[in-house]
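Peer 1: One letter stands for each residue in the lines below.
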Amino acid sequence: MIWAILAMALRQIRRNAVRSFLTMLGIMIGVGAVIALVTLGEGATSKVKSDISKLGDNLLIVSPGADRRGPEVSVATPFTAADLEAIREEVAGVRLAAPTVQKGALVVAGNLNWRTSITGTTNEYLEVRGYEVERGRSFTEQEVTAGQPLCVIGTTVEKQLFPGGEALGQYVRVDRIGCEIIGVLASKGQSSMGQDQDDLVLVPLRMAQRRLIGNTDIGTIYVTVDAAEDTAQTKTDIEDLLRQRRRIQPDAEDDFRVRDLQEIASAMSSATGALTSLLGAIAAVSLLVGGIGIMNIMLVNVTERTREIGTRLAIGALAREVLLQFLVEAIVLSTTGGVIGVALGLGGSYAGTRALGMPFVIQPGIVLVAFGFSAMIGVVFGYLPARKAANLNPIEALRHE
Amino acid sequence: MTSEEPVIQLVGVKKVYGKGDALVYALAGVDLTIRAGEFVAIMGASGSGKSTSMNIIGCLDVPSAGSYRFRGAKVEEMTADERAMLRRLHIGFVFQGFNLLPRTTAIENVELPLVYRRVPTAERQRRAIEALETVGLGDRLHHVPSELSGGQQQRVAIARALASAPALLLADEPTGNLDSRRSAEIMQLLVQLNQERGITIVMVTHEPDMAAFASRCVHFKDGLIIGDGVPAEVFGPPSSSAGGAA
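Quick note, the sequences are listed as chains W and Y, same order.
First residue of the first sequence? That's 1 in the numbering used here, and the numbers climb one at a time after it.
First residue of the second sequence? That's 1001 in the numbering used here, and the numbers climb one at a time after it.
Everything labelled a hint here was simulated from the structure, so no lab data went into it.
Heads up, the beta-carbon is just placed ideally off N, CA and C, and yes, glycines get one too.
Among these hints, one or two may not hold up.
Said to hold, decoys possible - Cβ-to-Cβ under 8 Å is the rule here; a few derived chain Y residues that face chain W:
1) Y1025
2) A1084
3) M1085
4) R1087
5) Y1116
6) E1130
7) E1133
Construct the complete structure from the given sequences, taking the supplied hints into account.
Peer 2: Put into structure tokens, the structure is as follows:
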């Protein structure tokens, strides 16, 4: 009997091909949108993760200021050269430690200028952050110690200040201090957080401290851990060392932060994950709207086919068989829409991830959930019209015009 | 079954609609026995109770009072599903408006009651074709109703009623939508089915010309039977037949 009913439902759907298609469209769009958005979101998350892990999962970022947001961060006690030295010498597993100081400044070349971030650091920074010198050279040991007015720039800065020309060997003024450009970095493009990683000017640490900032403080220290060492252990060691050096009472909180990339990666992916859920939820609303569309059309169907229902009841159809017939029709509509929606969603998100250079990760879970939801919508929104059909009085239904 | 066994037995059947002052007796106490093999025409003006009695005989409705036995079974004690099963197995319906499924071929329409009886596909098709051949539409199996004339559509409907080999064929104004020539053809088909196959037929009509084809005529007025006999007795001489329907 169920096959006969299914066959009847399919015949009915074919008979009203255009209407059936339009009814399914709501579910198709809903399911497609849920799958496309969630798949794109997952692609973004995994791209963020892979970008971060490309930076090396053995990178630690040591910065002054407690782990809270707000103005306190800016008044945090900076690190000193002695702190840096202690990290380098006393913590096992520290391969490189690159001190940095940062200042936003206007860089001027001829009649062009560009506001960018000036980083005073050492050559270790290049290695720790994965920069390579494309043209020219990096600083020498002597230049760093002496704080010579030299700089290495990123390609964005070069394009802004020397459009179409060679920056190498030219002079720029950083906060009225003339600096010779001795190197141009290879382009790294945008970070996954959308930052332009080529928009930077590197100067020797001493030069930035003395001539741009006017003290000997050190800001953030970038640390690479030996591949053989445990990053987490090294992190704890650095924390212990700095607490001791900064004389923090045992019950007081750290006034500095040591973050590893794992931590940043998980923060980033929880942010993109939240966004994905939000988009998925919005798309789910359209699935609901699609369900209401099915209910609407099924109600119209029942009214239109009142005489047919009366005939069926008269020739001996049981109420539950009529109910089943209309329910099956609604479910066939919604699941067919669901299947097409899954195909559209996967196709769309494949195209989308390719276009955005993100990995295409099929989430079998969301595909199943979206499809199951569409089938459920057929049951839920098909039930009311089906019950209406089954409860018709055959005498009145036969008389219906 | 012998021709003496009653198929339909109504005893003191009343049907009441409405409540209180608006109470309407559609049937005011009807006794009627129809035996197997009879061809009965139920006559009466609109509001006479003939449609209500038809609905009760067809197990689509139950009496408010009194008793209805269909082949000995008490219909008023049955649930809706039991009555549906009874219709499915024993009663064929022919309606004034044909009530074929639109955009569905003749053979599929005829198969419909067999689908509900869970007859296997091959057997279903064989019986549907046979029924359509019986009504003279063996060459119209795959036509949809809109491709058939009114007379042909009513033949499909009769074939549908026949396909399940019912004990009772109920026809509600079967010629109401047809011209007189088609009407006569349909009536001849019913007479033929009644005589050759012994199918019990109960037909509601308000046209004395159609009732004249039946072997027995029951005349309703104001919810009561006021005449029961061969058509000529009920209407008198054919010349005054129009008066009987008024």
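Peer 1: Please go over all the hints and tell whether each is borne out by the structure.
Peer 2: Status of the hints after comparison with the structure:
1. Y1025: violated (17 Å)
2. A1084: The hint holds - A1084/Y has a Cβ within 8 Å of chain W, the shortest such distance being about 5 Å.
3. M1085: holds (7 Å)
4. R1087: holds (4 Å)
5. Y1116: holds (5 Å)
6. E1130: This interface hint is violated because 18 Å lies over the 8 Å limit.
7. E1133: This hint is violated: E1133/Y lies away from chain W, its Cβ roughly 20 Å from the closest one there, beyond 8 Å.
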